[in-house]
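Taken in sequence, the protein lines are chains A and B.
Last residue of the first sequence? That's 572 in our numbering, and every number before it is there in order.
Last residue of the second sequence? That's 586 in our numbering, and every number before it is there in order.
Hints in this document: simulated from the structure, not taken from any laboratory.
Backbone N, C-alpha and C define an ideal beta-carbon position, used for all residues, glycine too.
Incorrect hints may appear among the rest.
Stretches of chain B that chain A covers, calculated by requiring three or more beta carbons in the stretch to come under 8 Å of a beta carbon on chain A [claimed, not checked]:
{"hint": "1", "segment": "87 to 98"}
{"hint": "2", "segment": "124 to 134"}
{"hint": "3", "segment": "158 to 168"}
{"hint": "4", "segment": "214 to 223"}
{"hint": "5", "segment": "257 to 268"}
{"hint": "6", "segment": "283 to 289"}
{"hint": "7", "segment": "414 to 428"}
Calculated Cβ distances over 12 Å to all of chain A for the following chain B residues [unchecked claim]:
{"hint": "8", "residue": "L173"}
{"hint": "9", "residue": "T230"}
{"hint": "10", "residue": "E331"}
{"hint": "11", "residue": "F397"}
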Amino acid sequence: MKKLLRYLAPYKKECILGPLFKMLEATFELFVPLVVASMIDRGIANGDRPYIVRMCVLLAALAAIGLTNTLFAQYFAAKAATGFSARLRHALMNRIQQMTYTDLDTLGTSSLITRMTSDINQLQNGVNLTIRLLLRSPFIVFGAMIMAFTVDVKGALVFTVAIPLLSVVVFGIMLVTIPMYRRVQERLDDVTDTTGEALTGMRVIRAFRNEQAEADTFRLQNQQLVKMQQKVGSVSALMNPLTYVLVNGAVIALIAVGAFRVHSGALTQGAVIALYNYMSQILIELMKFANFIINVTKAVACGNRVQAVLEAGTPVRDSDEVPEIAEQNRGTLTFSHVSFTYADAAEPSLTDISFTAKRGDVIGIIGGTGSGKSTLVSLIPRFYEPTAGCISVDGIESTAFPRRALRSRIGVVPQKAVLFHGTIRQNLQWGKQDASDDEIRSALETAQAADIVRAKKDGLDEMITESGHNLSGGQRQRLTIARALVRKPEFLIFDDSTSALDYATDAALRKALRSLPEKPTVFLVSQRTASIQHADLILVLEDGHLAGSGTHTDLLETCPVYREIYDSQNRKEVRKHGE
Amino acid sequence: MANETKKTLRRILHDLKHERKWIIATLLLAAVTVALTLYVPILIGQAIDRIEGQGTVDFSAVTRILITVGGSVLVTSLAQWLMSLFHNKITYETVEELRNRAIEHIQVLPLSYLDTKPTGDTVSRMISDVDQFADGLLLGFTQLFTGILTILGTLLFMFFLHPGITLVVILLTPLSLIVAALIAKYTYAMFRLQAEYRAEQTAMIHETVSNQKTVQAFGHEAETMQEFDEINGRLSDAARKATFFSSLTNPCTRFVNALVYAAVGLTGSLAAIRGAITVGQLSCFLSYANQYTKPFNEISGVVTELQNAIACAARMYALIDEPAEIPDAPDAEILKNAEGNVGFRDISFSYTPEKPLISHCSLSIRSGQRVAIVGPTGCGKTTLINLIMRFYDVSDGAILVDGTDLRSITRHSLRENIGMVLQETWLKKATVRDNIRMGQPDATEEQVIAAAKAAHAHSFIKRLPQGYDTVIDDRNGALSQGQRQLLCIARVMLALPPMLILDEATSSIDTRTELKVQSAFQKMMQGRTSFIVAHRLSTIQEADLILVMKDGQIIEQGTHESLLEKGGFYANLYQSQFAH
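Here chain A stands alone, though its shape is the one from the complex (with noise of 0.2 Å):
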């Protein structure tokens, strides 16, 4: 959490003057009684007018000084809260921009979300409480004592009795509700759990005929959430019946004292009567710094969250120069060694894989679920760094390229179709920036999408919705493509990323992709032996090793996990062909 006020930084000034005016106006505040008590005893008890005219004048001064000072404490509060939440959201966005793809697999989309958006108002909110109410609340308790100290010392004794006792019984019961509140918040979190599951597996649960069961779970867990609201609530409920009393009481034994003390000739009626509003005082006062210190919690509770966020992971070296490439190097692709573990994972996903690839080659990789072909693919463009071995792209080894270069130079298209809010063009240029209509054309072309757009009221126009959610499937697959070629790389990665396109489809493309004119190096990932078998190079991976490695016919002879999944696909030609 602390380090998070240095967002508060450019605001110093503003931290330190709000604070300052709200004590201020607690100042002013702390003299009506006094006033009042004035008012009375001199005022009334000498039947002196002016006097009563001329206090009154002073309240109405009084409380305009104090609107002022809180006007500004208000600004300031404002402005350094929500200048804080602005900068800290920037600095969050752009320290995400900078995780690696192992921070992001560790930290996790929602919670990234969640930390971006309500646990900064959260926090937003609690510089602006803290502001306004750090200072001022015990301000006024602590003036309002030592004021009554001022009036009359025995009569204040009372006071000191009764400001701990009060203490004891807002902060203890907060003390009790903050764990239950967070123990709600769980068993909410549980209900709609269970209310979103009951709606995207409605299909499922409708098969399987577990409506009654879905809903009998959805009541349990109602009913220990209400269970649990109820206990917080009646602790809760006794914060507002035992302040009364605590207050009532003090102010019972203040009218005692007050008594013996006025019949002695030690107090004066008016005194009295000051001492009894010192009380109410300190009392509102107290409940708000109840409310400020559960704000302040659940503010603690979020920065601490963010400042996690901000020093996860480790820092990325970067290279800044771009290496000088020699010509006839150029779209070569070298694995030599190459290892990899992901962060966490007790057993390496990849090991010792080494193969080279030339410029125009189509590498296919295949093998079965978990056996490291997304992996493979991964460490090409840097998303994530070997845990041993080298990787060199045209001739050089990899590390000494800036990312931003070396992702320059590689068309992705991932095994999730994702598009974003936008027009086509605008998803397209994602690839390449300044990319001309024409550029764009030939990519939709080349990636079987332009029919799709040549659908579209709008062409290249037409508006994709959030996560392009008004496109099918193998449209938005076929869109993603497009925008990878776009930047006519030298290295096309697929990341399994045809699987949504029938067999016509992808057939057509790789086609397509064979007769583009700048050669590039392409990287196909893919479970069906059909899409790679005329692949220059197959690696086939298990269990994150090279299993083998050469041509379709090759490995047929060779390699007996290739022989084993070709025939789990071609069964039935086998078969034909034998007989």
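Starting from the structure of chain A, add chain B where the hints point.
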């Protein structure tokens, strides 16, 4: 709109009927609390009057009064405490009841509702809308009630003490209201702007952070930051104004309050000099003046809260009122051990009336036949499944199972006879065992393990941290897509119904595992009518009947050989892909 609100309100009152006695008790307790809270300052005033000056203190009277104060304080706090307890009871029971009603209703909503409405929207109706409704309505209502009582009570008590000073208070009151209303108006505009920008930013964060890997893969970080900062700047500006203006309400009304206080002090003191009121009564007036405007602030806040609560209730009711799917016919048959003859008799179907999808389609599938459904992406293969499972009803014609119209069979018994594995591998947040047992909750451990073995899931389940007791949680992503798929298959293996629907079921399993699963499937499909949406040639070739779909229509049907001979769409598809 006002009419709508009234209707919603009436309905809320109706729903609260069985809580009526608790509500009345709460209101009575509130009245007691308000009356006694207002009575205490009067008593204190009387006590102060008995301690006038040196040597003139009436100790016996002060003692008597203070004992009365003590008594009323104890009664007040007891009333406050009970009030809170009752209030909690009403609120939480109402919420529980409403949510339970909603979840029951969701189980009978037509799939078309669930397919078209975003999940997040429905979840927020059930969770946050219900919360806001309960909080706003019940808390708001008690606040409104006590607020009004306090104002009326204060005026009444003051009036009895001294009508003149009361008049001063009444005359100054509107000032406080005007100030609060002015600020509220300004603040509202600012808040709306802030909410708008915040929504815009949240949407952007959602989109980019969810796809951060893609952003980085395309080196789009700088552009993303640029776009983000632009929105962030606007948001920061709007937030500053909204925060500032909303934080004005309290100081400003406090200021007006202080003016009322000064005015009461002035008129009260002058009256005291004339002997019209005592000093104790003046102190009582001052403490009233201190509390008097507080309920006004609360009430103005409460009104918006109440409106919001009613709006939330309306959204919740809209969900509960959403028409349920047509219930099973009262005389619907229970389908037992179906033979698995499936017939389409001239069926037509469309999701939206403007876009006809399937029209006049007829088919006849005999028990035990294997049907492969093929065709390009988005050709309506899933629709066929939706109809056979009766997730949707045909708009014309009829689907028959063993000669009986689906609509005269209970949904449960129909679905009990069909095993389904969808492409989407949905698992519930429960143990592996409970997921496999989904269709047969009373299956024995041996049966579960046998099913898992048949689906080739047993070996990886054993390696999970708690084996069959491992809880599957979407968020920790402990299972790979392929493993999830194997569990979905085990789920069907356990039930072994006479008909099967497999929707691209094996697409996330590597082909060697698939080979094993396929062999299990072969056994399972033996003698069972099966519909398979598949991309793999082997599955297609082994089918007894291939349905070739395009644009929602079944354009060709037959066996692999007969379709190849025909030289139509299927033959083209085959040539482009499989022929060497």
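Q) If you look at each residue in the segment 158 to 168 of chain B, do at least three have a Cβ nearer than 8 Å to any Cβ of chain A? A) Check failed, 0 qualifying residues.
Q: Over 12 Å to the closest beta carbon of chain A is the bar; see if L173(B) clears it.
A: 17 Å, holds
Q.
Verify this for me: three or more residues of the segment 214 to 223 of chain B with a beta carbon less than 8 Å from a beta carbon of chain A.
A. It holds: at least three residues are needed, and the segment 214 to 223 of chain B offers 10 whose Cβ sits within less than 8 Å of chain A.
Q. In terms of beta carbon proximity below 8 Å, does the segment 283 to 289 of chain B have 3 or more residues touching chain A?
A. This one holds; 3 residues, not fewer than the three required, reach chain A with a Cβ under 8 Å.
Q. Once the closest CB in chain A is found, is it more than 12 Å from F397(B)?
A. It is violated; F397(B) is separated from chain A by about 6 Å at its closest Cβ, not greater than 12 Å.
Q | chain A covers the segment 124 to 134 of chain B, three or more CB atoms within 8 Å, holds or violated | A | Since three or more residues must qualify, the claim that chain A covers the segment 124 to 134 of chain B holds, with 5 doing so at under 8 Å.
**Q.** chain A covers the segment 87 to 98 of chain B, three or more CB atoms within 8 Å, holds or violated
**A.** holds (count 6)
**Q.** Check of the segment 257 to 268 of chain B against chain A for coverage (Cβ-Cβ below 8 Å, three residues minimum)
**A.** Coverage by chain A holds here, the residue count being 8 at a Cβ distance below 8 Å.
Q. Can we confirm that no CB of chain A comes within 12 Å of the CB of E331(B)?
A. 10 Å, violated
Q | Assertion that T230(B) lies outside the chain A interface [Cβ separation over 12 Å] | A | Nearest chain A Cβ is 6 Å from T230(B), so the label is violated.
Q. If you look at each residue in the segment 414 to 428 of chain B, do at least three have a Cβ nearer than 8 Å to any Cβ of chain A?
A. n = 7 at 8 Å, threshold three: holds.
Of the numbered hints stated above, those contradicted by the structure are hints 3, 9, 10 and 11, listed in ascending order.
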